[in-house]
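Undergrad: Got chain Z; can you put chain C on it based on the hints?
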Amino acid sequence: MIKAADQVDWYLSNFEVFQKSLNGEAGSHIHAIRKAAIARFAELGFPTTRDEEWKYTDVAPLTKVPFEPVFDYALNGVSTRDVERLTFGQKWARLVCVNGHFSRELSSAPSLRRFSRGIKMGSLAEAMKSDPGLLEQHLTRYARYDENAFSALSAAFLLDGVFVFIPDRTILEEPIQLLFISTAADAEFVSFPRSLIVVGNNSQVSILETHVGLENNVYFSNAVSEVVLGENSVVEYEMVEDESERSFHIGTTQVHQERNSTFTSNAISYGGALVRNNVAAVLDGEGAECTLNGLYVVADEQHVDNHTTIDHAKPHCSSHELYKGILAGKSRGVFNGKILVRKDAQKTDAKQTNKNLVLSNDATIDTKPQLEIFANDVKCTHGATIGQLDEEATFYLRTRGLGLETARDVLTNAFASDVINRIQTPSLRDWLNVNLLIRLQRAREKREL
Amino acid sequence: MLEIIDLHVGVQGNEILKGIDLEINVGEVHAIMGPNGSGKSTLAQVLAGRESYVVTEGKVLYEGRDLLAMAPEDRAREGVFIAFQYPVEIPGVSNTYFLKAGLNAIRKHRGLEELDAIEFLSLVKAKAKFVEMDESLLNRPVNHGFSGGEKKRNEIFQMAVLEPRLAILDETDSGLDIDALRIVAGGINKLRSKDNAIIAVTHYQRLLNYVIPDFVHVLIDGRIVKSGDKELALELEERGYDWVRESVVVSD
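Just so you know, the protein sequences line up as chains Z and C, in that order.
If you count the first sequence from 1, position 370 lands on 370 in my numbering, and the numbers rise without skipping.
If you count the second sequence from 1, position 32 lands on 32 in my numbering, and the numbers rise without skipping.
Incorrect hints may appear among the rest.
Stated by the list, open to error - Reference listing, derived: stretches of chain C covered by chain Z, where coverage requires no fewer than 3 residues with Cβ under 8 Å from a Cβ of chain Z:
(1) 9–19
(2) 174–187
Stated by the list, open to error - Here are a few chain Z residues that face chain C, going by a calculated C-beta distance under 10 Å:
(3) Ala26
(4) Asp390
(5) Glu391
(6) Glu392
(7) Phe395
(8) Arg398
(9) Gly403
(10) Leu404
(11) Thr406
(12) Leu411
(13) Phe415
(14) Ser417
(15) Asn421
(16) Arg422
(17) Gln424
Bear in mind the hints are in silico, worked out from the structure with no lab data behind them.
Note that the structure is a prediction, hence the values are computed from the model and not measured.
Yeah, the Cβ is synthetic: ideal placement off N, Cα and C, and Gly gets one too.
The following block holds chain Z by itself, in its conformation from the complex (with noise of 0.2 Å):
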């Protein structure tokens, strides 16, 4: 265990390691970056339940733990197995990365090769040779490590992960899957799963973004993605994070969304001890779209923090959210979705929705609204609920034959489709609906429910 005074200091001299193993980077951009990352997370430190942004969530326990960064790839017996259950029986395109680093040797891109004209896809180390015009423009241009000291360590220790550039007018049919594994390392690990997804013109794409623990141990993925949307396209995100029981998991998507452009995420959270996920959105063109669901389902003493944030930056775009909870055991929720109208922002249309059902007497959650409206000719709405499951239907359900476990099992299940129903592949769905139904299950093995 760290001390207090020295958890930021773990970090700092973990740096130091880590620039030496760098050879010939010194004077490179990226390694600047990486210099004004970790200066300014030393500045920082990390966040307490006094600022605002973490007021719920108390990440001590996550600094308290020595977690040494993984500085390089090793497959650490993960098989291809292992990656076809995780890709569900999908033969799309799949970018893997084991603990942040990307493995050539369980990624694979099979239907892409027809029509891969101008299409990049592959580790984001490689890129930064290759393409690095292309990475200077973008990479941590949105996930801005001034202002979170999460985003500032991922940039400190920035070092690979998976790179997805689709060019202008580009329409891919089947999804591209990011699939971030976590396994066994000796110590308590700490990885920094890194993408950088940027959307041409008139594009259209479809991501899979799954952060899995494969083993029971304790470790940090601490997940930070970008995506830029250009003008006119299309970006559907699915996000699942099924991380291990007592790992800890924060998780920043930062999009950017050209004029006309429409982003849709589905974020379901399973996993981890403690989790963290901001999304954030930023709408910089008119007409653009923005649409953010998640689900989360918690039990035992599971902490899942959900920060959304919708940037109206300018004049007649729209946004819509969803999230869902599903709380049992000793678990806490949080749902905190800021909304912000910027004086330009105009003819802003906004909806913002938090549900949650809690099954148990012990569960809690906090919801939070956070509206703040510059412009003065605008649409927005919010609401959010907090309930149990309904008597009437569970009665209903049980006068044709089902049993009050199947019942209430239906109905939770029930509650959380409207979410995974918005999902496009079937198989993942299924996975989904299948996990969610043996999560119930354990909680009542536990007598959680």
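TA: Here is chain C on its own, set in the frame of chain Z:
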């Protein structure tokens, strides 16, 4: 088949049923009529297993067994069915999905093979036709966005699929227009057989024009004050419940 003996039921401290005695044999249709607030729906709900009602006295035997000791799902599996007066809407749960789960739970309980998706689909299609229900309603969420008539028809459709031994119809005729009433009643009549029994709880006599009861009971203020055959229903229609009330007072 069903024996209700001196049944007293309260809700939130108020006694609603004040000693009901009723015997129902297989093959019979019993109508229970009464004014609003007389306790008709309470009786139906108690038989189905609604927990908010407290039985303070008496017992109910179904096939010789203590019905009140059984969970609602066990009653369903033993062949008791209730068609609700106000069927609940359940967004997110498809009509056929939950009915398949229910039917298979019932079949399993009876030692029958569970139906697979294809067998079930052909069964529900046949049964939907049986009660003249639009097939498009099958895959919609349970009762969600259904009209009043569609909800009632959905109840009879479920009854047709689950094939109960004892069906309790709670004001199934209320809120139906004449055409819907005729269809719903037609469905009930098709399901009526010498192997099952029906309790039809109703305020009006009009359902009984189509579903001819063997017995009619008048429930007032938590007690059955008069029993008779279908003629009693007609007399009630003509003379109103006050007529029974007065005659009861006289006989008291």
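Undergrad: Against the earlier hints, flag every one the structure doesn't satisfy and list their numbers going up.
TA: 1, 2, 3, 16, 17
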